[in-house]
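*Asks:* Here's the letter readout for the chains.
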Amino acid sequence: MIEVKHLTKYYGEYPAVRDVSFFVEKGRVVGFLGPNGAGKSTTMRILAGFLTASSGQVRIDGHDVFWDPLAARRRIGYMPENCPLYGDMRVEEYLWFRGGLKGLSRRERKQRLGYVTERCWLTDVRRQLIGTLSKGYRQRVGLADALLADPPVLILDEPTAGLDPAQIRETRKLIRELGQMHTMLLSTHILSEVEATCDSVIVIYQGQVVEEGALAAVRDRHGNQPLEDIFVRLTGQEGI
Amino acid sequence: MRATLSLIRRELAAYFLGPIGYVALFSFLVLNGLLFFLVVGLLTEKGPRGVEYPMQVMLGGADDPEWALVAGVLFWGLFPAVTGIITSRLIAEERGTGTLETLLTAPIRDWQVVLAKFIACFGFYLLMWTVTLLYVPILANLHAQWRPVFTPFSVALLVGIAFIIFAKLAFWYELSSGLVLFLGLMGWGLAIAGGYLHYTKDEQYFLEVKSGIDFFPVLTSYLGIVLAGAMFLALGLLVSSWVKSQLVAWMLSLLLGLCFVLPAALRWQFDTGSVIDPLVYYISVPEHFRRDFTRGVIDTRPLVLYVSVTLCCLFLTVRSLEARRLR
Chain A
1 MIEVKHLTKY YGEYPAVRDV SFFVEKGRVV GFLGPNGAGK STTMRILAGF
51 LTASSGQVRI DGHDVFWDPL AARRRIGYMP ENCPLYGDMR VEEYLWFRGG
101 LKGLSRRERK QRLGYVTERC WLTDVRRQLI GTLSKGYRQR VGLADALLAD
151 PPVLILDEPT AGLDPAQIRE TRKLIRELGQ MHTMLLSTHI LSEVEATCDS
201 VIVIYQGQVV EEGALAAVRD RHGNQPLEDI FVRLTGQEGI
Chain B
1 MRATLSLIRR ELAAYFLGPI GYVALFSFLV LNGLLFFLVV GLLTEKGPRG
51 VEYPMQVMLG GADDPEWALV AGVLFWGLFP AVTGIITSRL IAEERGTGTL
101 ETLLTAPIRD WQVVLAKFIA CFGFYLLMWT VTLLYVPILA NLHAQWRPVF
151 TPFSVALLVG IAFIIFAKLA FWYELSSGLV LFLGLMGWGL AIAGGYLHYT
201 KDEQYFLEVK SGIDFFPVLT SYLGIVLAGA MFLALGLLVS SWVKSQLVAW
251 MLSLLLGLCF VLPAALRWQF DTGSVIDPLV YYISVPEHFR RDFTRGVIDT
301 RPLVLYVSVT LCCLFLTVRS LEARRLR
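Going down the list, the protein sequences come from chains A and B. Under this note's numbering, the residues of the first sequence are numbered 1 to 240, in order. Under this note's numbering, the residues of the second sequence are numbered 1 to 327, in order.
No wet-lab data here; the hints were simulated from the structure. Treat the hints with caution; some may be incorrect.
As the list claims (entries may be wrong) - Calculated cross-link-like contacts (lysine-lysine; reagent style DSSO-like; alpha-carbon spacing at most 30 Å):
# : chain 1 : residue 1 : chain 2 : residue 2
1 : A       : Lys135    : A       : Lys5
2 : A       : Lys110    : B       : Lys168
3 : A       : Lys5      : A       : Lys110
4 : A       : Lys135    : B       : Lys244
5 : B       : Lys244    : B       : Lys46
6 : A       : Lys173    : A       : Lys135
All figures in this text were calculated on a predicted structure; none of them were measured in a lab.
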């Protein structure tokens, strides 16, 4: 479903992503791990079509994100880091606008809007200005937006960052439910979350993939240690 | 198409959700009201004093009473500022808050984004000027006179207009779409054919509109205003795609806009026979209005300038958005 081949991205002279290749099968929930600045967000932005890679190829459901951007983007629900939203719109208006932007007809929009507001527990803040929402609700609006066009692939950049424990739990539950219907790539720093929600992991460090595979297989390869220890060893921060 | 329409609607609505639209409208209308006040004063002056081209005063081109000169300088100084207020938020704000990322990852092409934003700000600009249409009947001292002239053509025109009104009502009350379409098409057909024949064939008209001033300068002035505005807006949009801060975008677009305004003030420096003079005239927008549009002259040179700068800026804006992906 997501096919990344030899992806490289330079910011000027600095290589943020170096020769990254991986493949995500249909219906999998994949955790995208790595320390800050490892190139997670950059990779996700390239997948979503916000940035263009310096070299390499990305295909979403068989559509190249560079050569056939609209078809690829139509198949992706993307939630950026920190979830930027228009603060001056109401939740309902915002989702209505996004639905139109994604090319849904009026009837589809009405139907999908009802579905996602229910799904992401937004029913009681439907008429509220987004600018007045708490962080947790904003995150849910972003998730609702990603789900709006019912895309087969979801790319979520740190969906649980900055949430309180109850909200994290809620979001995690939602992600697990969504994982049954969508192929999902989500980045996070919370390793227990990966263990709770993901089928497999990709660990990226200094712009390169250092470990990839099903959760059990990865653990097996490293002598059944806790994921935290594996992560620390892979990212070369063992002394800490 | 649907995506573009959605974006246009949102951008247009956004002007009224925040204070920016109201600030622009307010400052613009205060300035225009002042100019209108001056023109009405001049038009109703007793004795030999008065004004030859009322639209020239209205668009800040006159220098005869000192007040008109001051108001003119204010008008043209603030014109790029007002268009800058309208455009500066369009892309800069989205970049500042990061919402550009959600916008550019939606299945919509970059040129559609730019076009939608341009149409939205152009729509708001036209709305600003639509308010000034209220002044026109007073300025032009319009008189309408009805006469019961019933020829086949005038009757056809009236029936056509009635049909259009019925079609509109049927549309509001959601009657069958076939009826609406039939009434609408019949109405427009009858009205256009009847109106044309009534105008060309009949000797007397059932409605006669007389204006106290020559009306064509008013039309050419508005034509100039629409196109010159498009140029300033496109410049502002381009600048807005360069920076993250709205304030910087506003100041830069004001600066760039003044490049097309200030040469008018410096024109007296150059010898009219020199090579530089026509060049300076070519880029001084207030001069175009003072000499051509407000006097009823349509000169194609400024029109070419406005349209080509607009298209060029829009093209560069698309490119600048695309370049952002390659960073």
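*Asks:* Would you mind marking each hint as holding or not holding in the structure?
*Replies:* Results of checking the hints against the structure:
1. Straight-line distance between C-alpha atoms of lysine 135/A and lysine 5/A comes to about 35 Å, which puts the hinted pair past the 30 Å bound.
2. At roughly 27 Å between alpha-carbon atoms, lysine 110/A and lysine 168/B fall within 30 Å of each other, so this suggested pair holds.
3. Using a Cα cut-off of 30 Å, the hinted pair lysine 5/A and lysine 110/A is violated, with the two alpha carbons roughly 38 Å apart.
4. Distance restraint check for lysine 135/A and lysine 244/B: the Cα-Cα separation of roughly 23 Å lies within the 30 Å cut-off, and the hinted pair is therefore satisfied.
5. For a cut-off of 30 Å, the pair hint linking lysine 244/B to lysine 46/B is broken: about 54 Å separates their Cα positions.
6. The straight-line distance between the Cα atoms of lysine 173/A and lysine 135/A is roughly 18 Å, inside the 30 Å bound, and the hint therefore holds.
Of the hints listed earlier, those the structure fails to meet are numbers 1, 3 and 5, in rising order.
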